[in-house]
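> Two chains, two separate frames, one set of hints: put the complex together.
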Amino acid sequence: MNWGSFSAFLHMGGYAFYVWSSFGLSFLLLALELLLLSGRRRTLLKRLGQIQRLNASRGSK
Amino acid sequence: MSKINLYKFASPATFYGLAGQMIPGFAALSALLFAIGLYISFFVAPTDAQQGEAYRIIFIHVPAAWMSMFIYVVMAVYAGVGLAFNTRLSAMMAQALAPTGALFAFIALFTGSFWGKPMWGTWWVWDARLTSQLILFFLYIGFISLQAAIDDPRRSDRAGALIALVGVINVPIIYFSVKWWNTLHQGASISFTKAPSMAHTMLAGMLIMAVACWTYTIAVALFRVRLIILERERHATWVSELLEEVK
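Quick mapping for you: the protein sequence lines, in order, are chains A and B. Here our numbering is used: position 16 in the first sequence is 16, and no number is missing along the way. Going from the second sequence to our numbering is simple: count from 1 and add 61.
Okay, chain B solo, but in the shape it has when bound (with noise of 0.2 Å):
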């Protein structure tokens, strides 16, 4: 019975009014916690002694880079399956996923440049962490550019599927670059291991951020896997169908 419902689901025609319905939800509770998140990392979270206001970057850095890996390994994810299974849907979202990733990852990359000068005294180093980030946005770049230089969708995805999968043993090396190699970068924030080293309200501040940051991601990738589904459907009978509705 399940499975004959996530068929239905793994249907472009089905998943584009799911997927409708779904956006506003997950638009609005972005806003919200968004709007929470950054009163904590404004008015509650108390000034850090060692790093004045400055660290409050913090509170957008660590989410936006946590957000570019999560998105490179989900997206690797659904162009692997796409690629196994053959798929339409899958490759699909591993398309919608790619250009908020990059974004996500220029977002890490340069309030980190913003955090590094103040504190270290410079824009940029080629430490482990700061380039296998710097690595971690080409990839995403090359999976967009490689993906809009081929017509044909099928081959398009194929190839898209394989950088995507090659480039994900880069996740790991940005995750524990700053164990294995010596860095400027400081060592993670939230350890599985150990107990959080910061005071409740920052660690509070930075989840509801990266919270924020993911219904945000949803959103966003369900709107544009809606506009690539009617792209590529476009010859279909329920498109058409569609698009005398909205008239």
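With the rest of the complex left out, here is chain A (with noise of 0.2 Å):
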């Protein structure tokens, strides 16, 4: 184990800023990612949807 404390962890013996910036903003980029991935596939499934009861509803008329 490398670290004393918890507020020794978070110091990151001086460089706490860079190596904190690094790991958490890839992080929320990735995570970010995940999160407009199923928004784009929400939206596409609801329109596809929309489109084929635009297209059954024409159909059976």
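What the hints contain is simulated information worked out from the structure, not anything from laboratory work. None of the values given here were measured: they were computed from a predicted structure. Idealized CB from N, CA, C, for every residue including glycine. There's no promise every hint is true.
[Stated by the list, open to error] Restraint ranges, calculated between C-beta atoms of paired labels, are given here:
| # | chain 1 | residue 1 | chain 2 | residue 2 | range |
| --- | --- | --- | --- | --- | --- |
| 1 | B | Lys240 | A | Gly49 | 53 to 61 Å |
| 2 | B | Ala145 | A | Gln50 | 17 to 25 Å |
| 3 | A | Leu25 | B | Leu93 | 21 to 29 Å |
| 4 | B | Trp184 | A | Lys46 | 39 to 47 Å |
The structure is reproduced here in structure tokens:
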């Protein structure tokens, strides 16, 4: 174990800003990609469903 | 026999289902490997004698940089196969990989900046390694915007494939840039010819993080390719049948 205490862990030997910015921003971006993708899937399925209902109602007339 | 199966999985309709089955496994594996990799990065790997704790950025920086290059090559191969054999699915795979590749190229660039500032005293220098990596990022952006700008999918696939294939020349330039030119950037972390010079736990942490990024990329690319398949094949009967099931 490298760290004597939790505050020493957060302090990162004086490099806290650089280390936590790097890891924080990286994982934030990965999470954002997942969020955007699931949003894109929701809108796509909704739109395709609407088109299908529209076609079905036209076909029945 | 195997040829028949390959053709079967090259059809977007079949691959849609197959990809859907593969996603949960890769996603779970990725989460697990990220957890182990981060644990090693912060709690197992020792403090570096020269760089103190700042070196821990290596555990995200190097895997991201590797991924940005690997993904580009894989993307170019898919695009090239699509161009040569006119297979729709390979062009869609290239398109599905590009945003994640761009993301990793960007992560490599800014984590490098956050590492360069405390170690070199500057956020950025225009040297060979950093500049060629920036060009890689622009190549991804160029590929994505070119494909988005052309409405006809067949034409946009061909144009994208061209940019992807021409840009491949940049990948060996990035990789060997630290050897060919004088640079602030340190040499390759892992060499194919020499035994690794770093502590075993550091190496293990980096490799596990790299595999975590790989499995993440596979899961995300499969998820994205399914969306692309749905968009492009929306007039096909199998898609309407699928939408009936969803309802």
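> Next, verify each hint and record whether it holds.
Hints and how they fare:
1. B:Lys240 - A:Gly49: 53 to 61 Å: holds (55 Å)
2. B:Ala145 - A:Gln50: 17 to 25 Å: violated (38 Å)
3. A:Leu25 - B:Leu93: 21 to 29 Å: holds (23 Å)
4. B:Trp184 - A:Lys46: 39 to 47 Å: holds (43 Å)
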